[in-house]
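Asker: Sequence:
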Amino acid sequence: MPTSRRRKKSTGKTRSERKAAQGQSAVWAPRQGRIASSQLLPGTLPHEQMLTHIKAFVDGAVEASGTIAALPDHRSTGRLPPLFIVLVEPDTGSALLEQAFALLDRHGAVAASEAMTVATAWTAMDNGAELSLIKLKLEFDRPFRGRQDIAFLGSAHAARWRHIAGGGLIVVTTTERLQTAGGPAADYAETMNAGLVFSIAASPLLQQLIARHGWPT
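So the number in this note's numbering is just where the residue sits in the sequence shown, counting from 1, plus 4.
None of these hints come from the bench; they were simulated from the model.
Restraint-style ranges between C-beta atoms, simulated for each label pair:
no.: 1; residue 1: G70; residue 2: L135; range: 16 to 24 Å
no.: 2; residue 1: A115; residue 2: L75; range: 21 to 29 Å
no.: 3; residue 1: E194; residue 2: Q53; range: 40 to 48 Å
We treat Cβ as the ideally placed atom computed from N, Cα and C, and that holds for glycine.
Please model the complete structure; the sequences and the hints are all you need to start from.
Answerer: Following this line, the structure appears as C-alpha cells:
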C-alpha cells in the first residue's frame, strides 16, 4: 500500500535560532580551514647537525612571548571550547600578521575571521622534555596569501598544551590588546574579540608529546 510522507512545517527560524530554542549553545566560531599535515621530527642527531636542524625549524617563525588558557565559565552549557591564547610582540616583523591585525582593528574579530581563510596545523621537533620545539603553522589563503609560523619552547608552556591538544580555538593577540579587553579579568567573549581567532583540529602530535614527556594533563 503506498504511503505518504508528511512534510515538516517550517518555523521560519534559522538553524542557530532553533538550536538556541532547544537549549543548545549557538556560539560563533571561525570556519575551519583545511588542515595541513603534522610532523614530528626526531631529536637524536649529532650536536652540530641538531643545531642546524633547529635553526632551519625556527627560521622565519615569530616567537610566542606567552600563552594563556581561557576556559568557559562553569555556568556555560559545556559546549564552548577552551581558548588557547598566543601572545606575540606588537612588532613581530611579520607582514602577514600586520595585515591580519589591521583587518582586526578595522572590522573586529568576527568580521576579520570571516574575511580570512587560514589553514592551521601543529608541527614539532622533539629534543626531549626541556628543549622540544613546537610550531603553529598559519597558512593564509584569503584575502592575502602566505605562511607565518609561530614558535614555542614546548616546556615553557607545558601546563597549557592539554587545553588545545584536543582541538579548539586559538586567539593570537598582543599583551596590549588583551589588557585593553580587560586583562586577566576579561570574559570569554572579550578575550575572543581581542585577537585573531582560528579554529584548529585535535592534534595527535601534541598528545604524543604530552604523554612522552610527562607534561601536565
